[in-house]
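Undergrad: What follows is each chain in one-letter form.
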Amino acid sequence: MSFPGKRNANDDLQREVEHHLHQLAAGYERQGYSKAESLLLAKREFGGTEQFKEQTRDEWRFAWLTGLKQDIVFGLRMMRKTPMITVAAILSLALGIGANTGIAALMDMILWRSLPVPNAKQLALVHWEGRGFPRDLADAGAGSMRPGDSEGAPAVADFFSYPAYEAFQKAVADHASIAAYRNGNQVSLSYQGQPSVAILRPVSGNFFATLQVRPQLGRLLLESDDQPAAEPSVVLTSRFWSKALGADPGVLGRTITIDQTPFTIAGVLEPSFYGLYPGDHAEIYVTVRRLAPLEQQRGERDLLKDNRFWGTQLIARLSPRTTLTQLRPMMETTFRSTWSRQPADESRAPRLRLDDGARGLGSLRREFRNPLYVLGGLVGLLLVIACVNIANLLLVRAVARRKEVAMRLSLGCSRARLMRQFLTESALMAVLGGAVSILFAYATANLLGQYVADYGTIALEVGIDYRILSIAGALTVATLVLFGIFPAWQASSSSNAAFLKEGAGSIGNVRRRWNTGRALVVAQVAMSVILVTAGVIFSRNLLSIQASDPGFERRNMVLFDVRPGTSGYSQDRLVEFYRNLEERIASTPGVTAAAIAGMRPMNVGGWWEQVQVSGSTERFQASLNGVTPSYLPLYAGPMVAGRNVSWNDINSEAKVAVISEDLARRLGGAGVLGQRLSYAGGPPGSKPPQYEIVGIAPAVAATSLKQRPYAVWFPLGKGFSQATILARTAQSPNAVLPSIRQTVAGIDRNLPLVDVVTMEEQIAKTLQRERMFATLSGGFAALALTLSVVGLYGVIAYSTSRRKNEIGVRLALGAMPGQVLRMVLREGLTLATLGIVLGAPLVLFGAKYVEKELWQAKALEPAPILLTLGILLASAFLAVMLPALRAAGLKPADTLRQE
Amino acid sequence: MQGSSKKTDLLQGTLDLLILKCLANEPLHGYGIAQRLLVTSREILQVQQGSLYPALHRLERKGLLKAEWKESGNGPMAKVYSLTAAGRKHLQQEMDEWRRYAGAVAMVLES
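Sequence order for the protein chains is A and B. Under the working numbering, the residues of the first sequence are numbered 1 to 899, in order. Under the working numbering, the residues of the second sequence are numbered 1001 to 1111, in order.
Don't take every hint at face value.
Example chain A residues on the side facing chain B (calculated, C-beta under 8 Å, incomplete) [to be verified]:
| no. | residue |
| --- | --- |
| 1 | N8 |
| 2 | N10 |
| 3 | D12 |
| 4 | Q14 |
| 5 | E16 |
| 6 | Q23 |
| 7 | F46 |
| 8 | F52 |
| 9 | R61 |
| 10 | L65 |
| 11 | T66 |
| 12 | D748 |
Don't read these hints as lab results, they were simulated from the structure. Backbone N, C-alpha and C fix where the C-beta goes; we use that ideal spot for every residue, glycine too.
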C-alpha cells in the first residue's frame, strides 16, 4: 500500500529541515564557531528534528491513513511472532462468531422475517378460538389446532368450512381480499413417463393475487382457474422446477399427471417465494375447486358444499384503510351465519380472531422460538468465553511487551497513539476471525436448518446474503469491544518507566494487575458451568429417550409406504392387494414376518381421536390405526387378553377394535372386553359407529418414544388408499431390501416404494430435535471447557512463573516440593471453585428455559449435577497440574541465580 | 536556547498569527520566518525553530499559505511560503481579534 505523494513529501520535509539547519549553522560559523560546533548549536536551536518532523507529518492530509498502515504492518508482524496463539485466537473467534451468526440468521428466517411479498404488513391470518373442536357445529376438521391450556387460554384453530370461506369473501370484499389454502399432501406424480412424488397444496384461485406474488415463468393461478370449465392447471415452485424438472423453460403447457389425473403446467413461481412459512414444503399449487371433485371420487367428503367439514385455511390482505379491529366483527357475523345450527352452549362456541400474518404461518415460529433462544443463549455465552480468553491472552502479551511500551512512551509516543496501535492489532484479529466465521455461519445455519425441517422432508436452506454478512460484521465489532478495548487500555497505561528496569524477579504491582486475569478466568469458569450443565442435561435427555423401551425390538425392521389408491387401484381391490403384498413380502427370503398398517407407526403425528366407551362420558385421547392380523404380533407382541383382528374382520368390515393394555386398565381391566367403543366423526348426521372391543394388546410406543398415548387398533379397512409395510428381517434390513423391492416390483412394476427406512432410522427421525440439542450443546460444552482450561492454565502458569523467586526462596528455606505443589493447586482450584459457585445461580435461572425442551421435564437432578461438577473439577485439576508440577520441580539455586 | 529571563514563551495559538504576519510583506522560507520573528520581536519571543514546521504545514493544508521550491539567493533550493488570498483575509481577522483582546486586557491591567 502506498499513498500518493508520500515519499515526495517526506523528501521535501527532509530537505526543508536540512536547509533550515544549514542556514542556522552558517550563521554560527560566521560567528567563528567550528563547522562541527556550528552544526551542534544549530540542531540545539532547532529542537528535536525527528520529533518536529513527526508532528509535521501529523498535519498532512492522509496522516491517519499512513499511521493506520504502520499499525497494520506492525500488528501483522506481532501476530506472526506467535503464530500458534494467533491461529488459535482467530479460529476460536471465527467459531464463536460463525455459530452465533448462523443461529441469528436462522432466528431471522424463522422468527422475524416477513413473507417475501409486497406490503406483507397488510396480511392477516384468520383463526377461531374456543374450547376445543366444536363437535356440534362440525364433524371433521383438517388444519392445525393449538390446544388451550389449563390457565384458561383458548384453543386456536385455523380451519373453516369452504362455504364459510365463500361467505367471508363476499361479505368483506370492500375491506379485504381473502384467500384460501389447504395443508399440503404428498401425491404421486408422473411427468413425461417419469414417476415421482411431490407435495401438492390446494389454494383458491385468488391466492397468488392476494399475496401479490409474481410468476417467474408463464402465469400463476387465477380466479378463472376456479371455474369448472377451465383447463385443470398447476403452478410449480421455482425450487421444484429447477430440482425436479431441470429448470426447463419448455415445461409451460406440458402435462403433469397428479394421482392419475392430468394437469397442465401454467407457470413457475418467482424464486424468492418460499411459501406460506420458511421451509414450506409445498412444491405444486392447484386450485381447491379443481382438486375437491377428485378427492370426492375417492370417497372423501364434499369439501365445497359441506358446512360441517372444516378443512379450509384462510389468509387475508386488508385494504390500506382497514384495521384488524374493524374487520373482525364483520367476519364474526358472517362466520356465525354459516354454521349448520346454533351452538348448544354459547360459552363453548368458536369466536373468530385475526392475527398478524406478515411473517406467514406461525407454527414453526412457535415450535422453534424457545429452542432457538436456548441455543442462541448457549452459543452467545460461548462467544463471550472465547472473547474472555483472547482478552486474557492479550493481557499476557501486553505484560510481555511492557518494555516496548515503556520505551515508546519515553521516546515521546502519545498514549492515544499506543492505544490505537493495540486496538489495531485486536481489530486485525477480529476482522480475520469475522471473515473466516462466514464459513462456520453457513455450516451452522444449514446444519440447524436440517433439524428444523418437517421431520426430514426438506431442509431449510439458509444462503449467504447481506443479512448474514451484516450480522457477522456486527458481531465482529461486538467481540472487538469485548476483548480488545480493555487490554489496549491496560497496555497503554503502563506509563511508568519502572518496567524498563523490571526483571522476572521483582513483584511490584504486576501481581495486582493480574487480578484482572484471575477475574476473567473466574468469569470464564462460571459461564462454562452453564454450558457444561446444558451439554450434560441434553445429552442425558437424548440417551434416556433412546434407551427407553418402545415395547418392541427396534433392530432388523424396515418400513416403507405404498400408495396403491393413487396408482389406479380401486377401493374394492385394495384389501385383496394388501393381503397379497403382505403374504409375498413375508415369504421373501430374509424376511421373517411382514405386516401392514394404515398409519405409519413411530411417526409422531397420525390418526388421533377422542374415544369413549358406551355408558361413560369420559373421553380419552388415543392414537388410532388400521392393521392386518400380523401387525400386533409383530409390533406389540402376544395379546394380553381376548383376540386379535382377523382377515375375516377385514373382509367383512367388522366393527371390532383392540385396545392397548394401559387404556384397558384405565377403563376397568379385562371387563372392558365386549364393551363398545366409539369416536366422533363419520358422515354428517349419522351416529358415530360403535366398535366392539375384542382384544387387549400390550402397551407399546405407537407414535414416538417420547409420548405413550393410549392406542386403539381396528381391522385395516378399505379406506386406506395408502399404507405402511413393516418387515421384520433375519439380518441387516439393508441386505434384505433389494429382494423386498423385487417382490414389490413382481406384483406391480409401477408402484414406487415411498420413504423406505429402517425402524431405527424412523425412531431417529422423531428425535431430531433432541439430537440437535444434544449434539450442539455437547459441542458447545466441549469448546467452552477447552477454552476455560486453557485460560486457567495460562493464568496459573503465568503466576507461578512470576513467583519463581518466591518459590525458590521457600524451597531453599526448607519447603517440601509437595507443599509447593499443593500451594499452586490450591490457587488454581480456588479460582475454579469460585467460578463454579458463581455459575450455579445462572444455571438455576436458565433451567426453566431448558426444561421446556426435555422429555421428562426435570433439568436439575443429582446425577447430572454431580457429573457436571466432576467434569469441571477434573478439567480444572488437569489445567493447574502442569504448572504446579513445574513449580514443585524448581531448583532453588537456579531461580536465585537468575536475579 | 540560552535561558534568559527576558525571553517569553509563546501564548498558545499565537504562532499561526505570527507566521501569517511575517509573510504579509514578502514570501519567506522557514529559516527566514524564524529570523524575522526574532528580529521583529527584538528577540523577546522565543520559538523553538522546529515547531514552525508543523504550523507551516498545517496552514498550508488549510489553504492559508502556499509554498513553492525556489532558489534562495545564491544558496540551495528552499521551500518558500507565501500568503494566499484566504490567508491574507484570515490574517486581517485574527489581527483585529488580537487587538481587541490585547486592548481589553491592557485596559483591565492599567485601570
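Undergrad: Hint by hint, note whether the structure agrees.
TA: Evaluated hints:
Contact between A:N8 and chain B, as hinted, is not supported at the beta carbon level, the nearest pair being about 11 Å apart and thus beyond 8 Å. The interface hint given for A:N10 is broken, as the beta carbon of that residue sits about 12 Å from the closest beta carbon of chain B, more than 8 Å. Because the beta carbon of A:D12 sits about 7 Å from the nearest beta carbon in chain B, less than 8 Å, this interface hint is met. Interface restraint check: A:Q14 against chain B, minimum CB-CB distance 11 Å, threshold 8 Å, status violated.
Residue-level restraint check for A:E16 holds (minimum Cβ-Cβ distance to chain B is 5 Å; threshold 8 Å). This hint holds: A:Q23 has a C-beta 4 Å from the nearest C-beta of chain B, less than the 8 Å allowed. Taking 8 Å as the C-beta contact cut-off toward chain B, the hint placing A:F46 at the interface holds, the least distance being around 5 Å. Among the interface hints, the one on A:F52 holds; its C-beta lies about 3 Å from the nearest C-beta in chain B, closer than the 8 Å criterion.
Evaluation of the A:R61 hint against chain B yields a held restraint, the C-beta minimum of about 6 Å falling below 8 Å. Checking A:L65 against chain B: minimum C-beta separation of about 14 Å lies over 8 Å; hint violated. At about 14 Å, the closest approach between the beta carbon of A:T66 and any beta carbon in chain B exceeds 8 Å, and the interface hint on this residue is violated. Interface hint at A:D748: violated, since its Cβ lies 88 Å from the closest Cβ of chain B, which is beyond the 8 Å cut-off.
Of the hints listed earlier, those the structure fails to meet are numbers 1, 2, 4, 10, 11 and 12, in rising order.
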